[in-house]
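Listed in order, the protein sequences are those of chains X and L. Take the position in the first sequence, starting the count at 1, then add 1; the result is the number in this note's numbering. Take the position in the second sequence, starting the count at 1, then add 94; the result is the number in this note's numbering.
Mixed in with the good hints, there may be bad ones.
Simulated DEER-style distance windows between Cβ atoms [unchecked claim]:
(1) X:K152 with L:E283: 41 to 51 Å
(2) X:Y18 with L:E206: 32 to 42 Å
(3) X:L28 with L:R198: 21 to 31 Å
(4) X:Q132 with L:R148: 31 to 41 Å
(5) X:G287 with L:T202: 54 to 64 Å
(6) X:M117 with L:R224: 55 to 65 Å
Partial list, computed: chain X residues near chain L (C-beta under 8 Å) [said to hold, decoys possible]:
(7) G200
(8) L216
(9) N220
(10) Y221
(11) F244
(12) V259
(13) K265
(14) W266
In case anyone wonders, no lab produced these hints; they're calculated from the structure. Computed from a prediction, not measured in an experiment: that's the story for all the values here. Here a beta-carbon is modelled for each residue, glycine too, at the ideal position from N, C-alpha and C.
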Amino acid sequence: MLEGAPVLKLDTCCKSYRVGAFGGGELLAVHDVSFEVARGEVVALIGESGSGKSTIGKMILRLLSTTRGSIMFDGVDLSTLSGRKLKEYYGDVQGVFQDPFSSYNPIFKTDHVFKMLRHEYFSGLTAPEWQTKLERSLEVVSLDPGEVLDKYPHQLSGGQLQRMLIARALLLDIRLLVADEIISMLDASTRIDVLNLLGDLKARGLGILFITHDLNLGNYISDRTMILWRGNVVEMGATERVFGNPLHPYTKNLLASVPQLHSKWEDVQEEALPSSGGRLVQVEEGHFVASLSSNGKVC
Amino acid sequence: MSLNVNELTVYYRSLRGDVKAVDGATFEIADGEIMGLAGESGCGKSTLGKSLIRMDARMRYISGHVELDGVELPVWDDSKMNAFRFEKVSIVPQYALSALNPTRRIGTMAKELLASRHVELDIVLPELKRRLELVGLSENVLHRFPIELSGGMKQRVVMVISSLLNPSLLIADEVTSALDVSTQRAVAELLVEFRDREFVKSTIVITHDLSVLYQIADTILVMYAGKLAEKARADEIINSPEHPYTKLLLSSLPEVGVRFAERRLNGIPGRPPSLLEPPAGCRFRARCPFAFEKCAETPPFARVEPDRFAACWKVPPC
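Kindly produce the complete structure, drawing on both the sequences and the hints.
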């Protein structure tokens, strides 16, 4: 496939949850979100808790259905997939989640997650072939197979477990990885290794949707950034433009609150936020900002 | 000196032996000082914080002394410490979001806590209301149940109640970690506000996030594998770290403006040693690029500049 061609395409996706005692209320968790992820591209989806970022990740992984709009992978609408087609889809798209400890069953050794995969997808391989494939995949994520295989989850560190899950996704030769807060639970000295790994995978042509609440991490690794606020994309564009020239008041407030290592928090006046996100308007090449209805400064 | 900790050693009991979580901690905190206590998970920072107020059943006091405002704290004696808790030493616990009793209204809970110290709620009520207003909460929260408050509100309620009796020492354990960035900033700045208004004399802020400490702390103490590594003014730690661990840790933190494509950061190879049987000598030796023969001996946590301490043979003492 051509470099830069979109692998994943979301078109005006919405998700509403039923809330309240009898499910009578409706909560719009994701509202008209459209974006693309290309081959070899890292797209950061940044938002605070409750902004709908994990909901988007789960919809892409088909763990949740979409209420409206469509998600296309390679031009095929996800909602039409079922049975064998769906299984093929999971051979292309995999997710890794925040808490590596809860992704493993503590009763089984860590190899269990690989065994299930072999059973489902690689039942044709002989044991030595499988072993070679597994070891190669662990080496990609810089793990020593002898150190991590045949161990229980509690014997390994969070960083090792998280890298094993990425290795598991890579075994399938996937084309898109949904990485939902995969760094948050890791320690400072090991989280950068996992981030660098994502960078190396991107160089091999993998598209990555990097979901995070940490702006520094998003800025470090991503090519494009989307800022999500209350289920709406309020700003989207090339990472250096969004961070270098934030235009939406929410993005500005967010950037002013991030603790930095070499500069102190300044006394900035919090900018007033609009009541809801508006339509996205292009302000410079490849940099979109939600239009503000009240003062219209941005448009 | 407000707080004076001398050779404090606290181990955890386990079936496989003692976990040496805090080993020979010696440091001082001045009046009005906000000291950040930083380190990776499992380095003993929370254990050190907790041992200054209450050791839980698994913790075992081994040796050392703690002095607060010239009075020795009986940290080894759970019941004798009771006289100091809340009034002299107070804590905002790590899981403050779940520290509130879900079956009590906030006001009822405050009343019960105060009654345990023989303080009438009515006497401190005006002050309580004033402080709630200061942290941006209306006095109505006293009639609410914890479930009705957001994470940031709960964190602020716990901070106000914990510091209500103006303790000399407040221990804030990971108070900002579970919060969103904008709430995180508001809560972190409250710690400074509480100090400035003299609600608390000195504060220990325990966190793994050095960038938050740089914003609010006066000094930072870095721990590694149960040992103190370095203590200095916050700006010195961040801008000119001396201990190799601090240096490597800081160089692995991404900041806004640093991009993978332009500058690839590196983590610290290896992982911290097991605290069941930590290696002799410097505990960072196996991961340290500057290690040499002398590191087989334990380096002292020595004064290297008038206001600066480091435990490394490569940093010359003054």
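Against chain L, is X:L216 within 8 Å by beta-carbon distance?
holds, 6 Å
Can you verify the interface hint for X:Y221: is its Cβ closer than 8 Å to any Cβ in chain L?
holds, 4 Å
Satisfaction of the hinted span 31 to 41 Å by the C-beta atoms belonging to X:Q132 and L:R148:
Since X:Q132 and L:R148 have Cβ atoms about 51 Å apart, the given range 31 to 41 Å is violated.
Does the Cβ pair X:Y18, L:E206 satisfy 32 to 42 Å?
holds, 37 Å
Status of the hint placing X:V259 at chain L (closest C-beta pair under 8 Å):
holds, 6 Å
Whether the CB-CB distance between X:K152 and L:E283 falls inside 41 to 51 Å:
holds, 44 Å
CB-CB spacing for L:R224 and X:M117 relative to the 55 to 65 Å hint
Roughly 59 Å apart at Cβ, these two residues keep to the hinted range, so it holds.
With 8 Å as the cut and Cβ atoms as the points, is X:N220 at the interface with chain L?
Where the cut-off is 8 Å and the nearest Cβ of chain L is about 5 Å from X:N220, the hint holds.
X:L28 and L:R198, beta-carbon distance inside 21 to 31 Å?
Hint holds: Cβ distance 29 Å, inside 21 to 31 Å.
If you check the beta carbons of X:G287 and L:T202, does the distance land in 54 to 64 Å?
holds, 56 Å
Status of the X:K265 interface restraint (C-beta, 8 Å, chain L)
This hint holds: X:K265 lies near chain L, its Cβ roughly 6 Å from the closest one there, short of 8 Å.
Would the hint on X:F244 stand, with a C-beta cut-off of 8 Å toward chain L?
holds, 6 Å
Of the hints listed earlier, the one the structure fails to meet is number 4.
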